[in-house]
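**Q** Following the hints, complete the assembly by docking chain Z onto the known chain L.
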Amino acid sequence: MTARTVLIEAAYLLASILFILGLRSLTIPDRARRGMQLAALGMLVAIVGTLLNHEIVDYRWILAGLALGSVIGYPLGVYVPMTAMPQRIAISHMFGAIAATLVGVAEFYSLGNGGQVGRAQMAALGFEVLFGALTITGSFMAFGKLQELLPSRPVTFPGQNVVSLGMFAAALVLFVRLVVDPAHPAAFYAMVALALAFGVSLVLPIGGADMPVVISLLNSYAGLASSATGFAIGNNVLIIAGALDGASGFILSIIMSRAMNRSFSNVLFGAFGAAPQAS
Amino acid sequence: MHGTSLLEIYVFVLAGFVGFFTITRVPSLLHTPLMSATNAISAISLVGSLVLAGADRGWIPTLLGFVAVTSATINVVGGFIITDRMLKMFRRAPRAAGEKK
Numbered sequence: 001m002t003a004r005t006v007l008i009e010a011a012y013l014l015a016s017i018l019f020i021l022g023l024r025s026l027t028i029p030d031r032a033r034r035g036m037q038l039a040a041l042g043m044l045v046a047i048v049g050t051l052l053n054h055e056i057v058d059y060r061w062i063l064a065g066l067a068l069g070s071v072i073g074y075p076l077g078v079y080v081p082m083t084a085m086p087q088r089i090a091i092s093h094m095f096g097a098i099a100a101t102l103v104g105v106a107e108f109y110s111l112g113n114g115g116q117v118g119r120a121q122m123a124a125l126g127f128e129v130l131f132g133a134l135t136i137t138g139s140f141m142a143f144g145k146l147q148e149l150l151p152s153r154p155v156t157f158p159g160q161n162v163v164s165l166g167m168f169a170a171a172l173v174l175f176v177r178l179v180v181d182p183a184h185p186a187a188f189y190a191m192v193a194l195a196l197a198f199g200v201s202l203v204l205p206i207g208g209a210d211m212p213v214v215i216s217l218l219n220s221y222a223g224l225a226s227s228a229t230g231f232a233i234g235n236n237v238l239i240i241a242g243a244l245d246g247a248s249g250f251i252l253s254i255i256m257s258r259a260m261n262r263s264f265s266n267v268l269f270g271a272f273g274a275a276p277q278a279s
Numbered sequence: 001m002h003g004t005s006l007l008e009i010y011v012f013v014l015a016g017f018v019g020f021f022t023i024t025r026v027p028s029l030l031h032t033p034l035m036s037a038t039n040a041i042s043a044i045s046l047v048g049s050l051v052l053a054g055a056d057r058g059w060i061p062t063l064l065g066f067v068a069v070t071s072a073t074i075n076v077v078g079g080f081i082i083t084d085r086m087l088k089m090f091r092r093a094p095r096a097a098g099e100k101k
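Residue numbers (this note's numbering), protein chains in the order written: chain L, 1 to 279; chain Z, 1 to 101.
Bound-form chain Z, shown alone:
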């Protein structure tokens, strides 16, 4: 195993810990928006698809890359819009509570 891939494992494990400790305390109100937002983030595989669709490796990889870019974009765009709509809805509640005070 060469040095780079060992370093990649370090990055993976440490980022996993960050994710773990970031999420441990989340109010149940935010479960669904958080799920939706992490869903949008998981479409980061778009980054890999972009290279695939643009690189010159023959028509099959390009075609697969094109389909992958399309799918990942659907996930990113749809995911963030859904999250935004949910959070927009939630924002009214704390404001209304503030006005009552």
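For reference, chain L alone in the conformation it holds in the complex:
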């Protein structure tokens, strides 16, 4: 282990600790702001640690991306009325999911389009793009509904369950096929496309009032996608932060639906026959 690796791993460990402490403080009203600052510091430590990675040879694109992202992200956070917060969280979420998905796609592509991908790594990459892609479109639909670009009432059509489940099943079949034999670029990209379509059909039938629960759930999926990225590229801070996020997002969505007096499974599977009676 070189000195550089030790430094990077130390930064990742520190970042993970900061994330856990931050989350803990965020559940206590008096310390919530402090908790957020700890989490932000953790993110900064993780970024600085990553920049030391020996694989990085050219910092121009990194700096350009960081600068452009800050320029777009800053007004997204600052010039937004408080009432529009949930949809802003959803759209900001979509960007995070785009990042996770693109990392997965690029990883698959640069390893000889699947030619040099091992089975375990393919499973991780598959999970990553599946969760990532359905979070992209799901978050965008949530944003559209809350922003009233789309009808906020539940949109259902006959045979919807069959279509949704069919797409999901097809994506799973492709996933299994890829794990058995990863060198199938066509199957991989078809799986990404199916996951994107499934994200739409997952959120479309859910009413606008239930969106916070859905956003929190998508949050959990994005966390799982990050975790899968960690498995694929062997990075512990991704695994830890992703697992924290995946578990806490899931619990939070259950707590929220309980607080809103809604059955969690109804919100989740609203499309599967229960939505009209429930609302």
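Keep in mind that the hints are not guaranteed to be accurate.
What the hints assert, rightly or not - Where chain L lies over chain Z, by a calculated footprint (3+ residues, C-beta under 8 angstroms):
id	region
1	6–12
2	27–40
3	53–66
4	76–82
Hints are computed from structural coordinates only; laboratory data are not their basis. From the three backbone atoms N, C-alpha and C, an ideal C-beta is built for every residue, glycine too.
**A** Leaving out everything else, chain Z in the frame of chain L:
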């Protein structure tokens, strides 16, 4: 399955438990800020994007990495700023209550 990936599964499961037990008791006042903060944390995939954008693996991965870095940064910056604004708003309430005492 080699030793490292087994260890990674340990890390994943244990971190999941930490997340679970950290969140179980949260007042409803903090639901939205917490959602927003975990949203910002989920942009940790920025770490993967950074390596992708900086490594020399041909122009397609670099381009995808650049887009990924940009998107993840939007999520991080936007997410933390939104959370901060929400929490700033909340902070007045306990203070006002304190003054009444």
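**Q** Are the hints correct? Go through all of them and say.
**A** Evaluated hints:
Figure legend: the region 6–12 of chain Z, annotated as covered by chain L; annotation consistent (3 residues with Cβ-Cβ distances under 8 angstroms, at least 3 required). Requiring three or more residues with a Cβ within less than 8 angstroms of a Cβ of chain L, the coverage given for the region 27–40 of chain Z holds, as 14 such residues are present. Closer than 8 angstroms: that is the beta-carbon criterion, and the region 53–66 of chain Z has 12 residues meeting it against chain L, so the requirement of 3 holds. Coverage of the region 76–82 of chain Z by chain L holds [criterion: at least 3 residues with CB-CB distance below 8 angstroms; count 7].
Going down the numbered hints, you'll see the structure goes against none, and every one checks out.
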